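Participant: Protein chains in written order, with our numbering: chain A, 66 to 435; chain B, -7 to 272.
The hints are simulated quantities; they were obtained by calculation from the structure and are not laboratory data. For clarity, every value in this text was computed on a predicted model and none was experimentally measured. Watch out, some of these pointers could steer you wrong.
On the chain A side, residues computed to face chain B include the following (Cβ under 10 Å) [claimed, not checked]:
1) T104
2) G139
3) L140
4) S144
5) V168
6) A190
7) P194
8) R234
9) F303
Here are a few chain A residues that sit away from chain B, every Cβ distance over 12 Å (derived from the structure) [said to hold, decoys possible]:
10) E162
11) N183
12) T235
13) G348
Every residue gets a Cβ at the ideal spot worked out from N, C-alpha and C, and that includes glycine.
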Amino acid sequence: MWGPAALTSAGRFSYKESPVTTRGVALDLDGITHRFGHTVAVEGVSLRIEPGEIVALLGPSGCGKTTLLRIVSGLLRQSGGHVAVDGGIVDELPPNERGAGIVFQNYALFPHMTVEANVGYGLRARGAPRAEIAETVERMLALVRMEGFARRLPRQLSGGQQQRVALARTLAVSPRVLLLDEPFGALDKNLRLDMQIEVKRLQRELDITTIMVTHDQEEALSLADRVAVMNHGRVEQFGRPDEIYDRPATLFVATFVGTTNVLRGKLLDDGTLDCAAGRLPLGAVTTRPTGPVVVAVRPEHFRFVVDAEPGIDGRIELVLPLGPLVVYDVILADGTTLKVTSARGATSRAPGDRVRVALAAGSPVSVFGP
Amino acid sequence: MRRHAGDWPLVLPLTLFFAVFVLVPLALLGAVSLYSDTTLTTHGVAQYVKFLTDRFNLGVLGQTLWLGLLATVLALVVGYPLGYIAAVAPPALQRVLLLVIVLPLLTSAVVRTFAWVVILGRQGIVNGLLAAIGLIDAPVRLLYTPWAVVVALAQIQLPLMVLPVITALGNIDPNLRHASHALGAGRWRTFVAVTLPLSAPGLLAGCLLVYAGSVSAFVTQTLVGGGQLMLMPQYMYQQAIQANNYPFAAAVAMILLAAVLAIVIVVNTVTKKTQTLVHG
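Assemble the whole structure, with the sequences as input and the hints as a guide.
Facilitator: Structure representation (C-alpha cells):
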C-alpha cells in the first residue's frame, strides 16, 4: 500500500473536509536520517504513531527533535528514510498536500493581517469560496474561543491568544496531522497550564494525530500519550510516560527525564550494590549480570531507615520543603550526594542529622552497564 | 532604549554642526531668495512669483521631479530583486553580494558618472557593441538624453535602494514564509501576501533616498544630460554662477527643497502606516 496509488489517494486532501470530523490517521516514520553537511542531525529514527495519538519528541536542544518535526511537516526533505501518513508515503509532497499542519514556536502569525485574515489564509491560498472561508474562520475562532477578536491584529493579542489564533489558522485547513514546535515555550507559567489543557482538549475533540516537540519533560509526560526521548539525533526510548519514567531504557533517559540519583559501583551476587559510600541492597533487581554497573534511583524511591536495616549512611546537608513533599540533600561518606524526597510527615529532619538511606520496597531501579 | 537625563551633552556636537552647516546656510538661502532684485536691496517675493508664473520654470521643476520618479522606479525594479537575492543568499554568498552592492559607494559619484559617459558615448561601449553585432550602421545618440540620465541616476543611487531592502527582508521572520508555505500558498502568493508587504518599510525608505538623491544629483544630471536638458540643480547653478542672479537661484533652491520635502512627508506618512502595521 506504500505505492504511487496510495500517494495520490491518501496524500491529497480537500478543504471541504470538516475539521470537526477529522479522524486520526496513523503516521509512520521509517528510518528517517538527516544530515546538514557532515553533521548528522537525525539518525535512523523509526516511529509508528497511532491514529489520534499525541506524541512528544523530548530531548535537549540540538538533539534533532525540531529537525525531525520539520521533516514530518514537509518543510525539510530528509536525507534518507520515509514519512507515511495513513499508509501513503508523502516524501515528495509539500506540507499542505501531505496534510501536515504546523504551529511554530513563535506562532509566526502574519503581523500585517487581522486575526480573521490569518485564520483564512490557508483557505484563500487553496481558492475556497468566500462564503466558505468566512464560515470556517468563524467556526475556527469559536473552536479556540477567540470569537470576539476577528478584527484585531496579532500584536494586539497576548501570547496565549496569539497561540489560539495560530492553532485556529493551522486547523482551518483540516490537517490530518498536527505538529507543534515547542508550543508552550513562549508562555509564562500560569498561562502555560491553561494552554496545555486547551491543546489537549482540542486534540481530543478533533481526534487529530499530533506530534509535539518539547524540551520540557513535565510538559511531555503530562500531555503526551507516548514520549520519544531523543539524544544526538537518535530515539533513546519511545514509550508511555510511566514507562519512560519508571523504566528508562538508557542512562540518558533516566537522567534527562525527572530527577535521578546515579550510583556507580559493583553489583554483587545477592543483588547488593557495592559502591564507595557503602552497600545498598537493590532488592529483586538481579537480572543483570553482576559486575561494574551504574544504578539510577528516583528520589522518591529512597527512604530513611533505622540503623538495624541495611543501607547507606549519610548526613543531611539541605532540607527543601516543596509543599506536600520535602527534598533532602544527603551527603554520603565518599562526598557524593543523594536526593531523597518524602512526604512531609511528623518526623522532621534537620540539616546535620545522620541518616541511613535504603530503597523503598518494590521500587523500580534501573541498572545499566558501566 | 532607555534615555538618561544627563545624556544631552552627547548630542551637542552634532546639533551644533547641524545648526552651523545646515540650518544657518538654509536660512541665508531663504533670506536671499526674498530679495526682488539681483543687487539685494529690495525685499519681496518677486522671485517666487517669477518662478511660479513662468511656464518654462514650471517645466524645469516638473521635468526634474519626473526624472527623479523614473530613476526611482528603475532603481526599485532593479534593486528589489537584487536585495531579495542578497537577503535569501547563504551567508558566504551574501557577504560577496553585499560587498559588490556597497562597492560603488566607495567611489565618487563623479567617477561613476564619467563611467556612464564612456559607456553611452558615440564611440562608447554600447554603440561599439551594437555596431559590432550589426544592429546599427551609425552610432545612435544615447548620451545627453533624458533616458540616459534616468539609467545613470538609477545605477548610481542603486545601493541606497538595495541596502534598506536587504535590511527589511532580513528582518522578516523566516517562519512566516514557512507558515505560508505550510498553509498551502505557493511562492508567488507567499511573496505577494507576506514578503512584499512586510518589506514595504524598507522599500519606501529606499525609494525616498533614491528620489531625494536623484532630483538633486547635479553632476550626473549635467554630465549625462548635457546642456539641452535643463533640470533644477543645473538651473540653480546657471542662475547663480552664470547669470549672477542670486535671489532667483535661491528661490529655485527653496522651491525644489519644498517640493522634495512635500514628497518626503507624504511617503513618510505612508511608511509610518505600513511600519505600525508590520512592526507594531
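Participant: Hint by hint, note whether the structure agrees.
Facilitator: Comparing the hints with the structure gives:
For T104(A), the suggested interface contact is broken, since its CB lies about 16 Å from the closest CB of chain B, more than 10 Å. The interface hint given for G139(A) holds, since its Cβ lies 7 Å from the closest Cβ of chain B, which is under the 10 Å cut-off. Taking 10 Å as the C-beta cut-off, the interface hint given for L140(A) holds, the closest approach to chain B being about 5 Å. With a cut of 10 Å, the hint placing S144(A) at the interface with chain B is violated, because the nearest CB-to-CB distance is about 18 Å.
For V168(A), the shortest C-beta to C-beta distance to chain B is roughly 9 Å, which falls under 10 Å, so the interface hint holds. For the restraint placing A190(A) at the interface with chain B, the shortest Cβ-Cβ distance is roughly 4 Å, inside the 10 Å limit, so the hint holds. At its closest, the beta carbon of P194(A) sits 15 Å from a beta carbon of chain B; the interface hint therefore is violated under the 10 Å criterion. At its closest, the beta carbon of R234(A) sits 7 Å from a beta carbon of chain B; the interface hint therefore holds under the 10 Å criterion.
Here the hint on F303(A) is broken, as its CB sits about 25 Å from the closest CB of chain B, past 10 Å. For E162(A), the requirement that its beta carbon stay farther than 12 Å from each beta carbon of chain B is not met, with the minimum near 8 Å. Not every Cβ of chain B is farther than 12 Å from the Cβ of N183(A); the closest lies at roughly 9 Å, contradicting the non-interface assignment. With a least beta-carbon separation of about 8 Å from chain B, T235(A) fails to lie farther than 12 Å from that chain, contradicting its non-interface assignment.
In this structure G348(A) is separated from chain B by more than 12 Å, as the shortest Cβ-Cβ distance comes to about 50 Å.
Hint check: violations occur at hints 1, 4, 7, 9, 10, 11 and 12; the rest are consistent with the structure.
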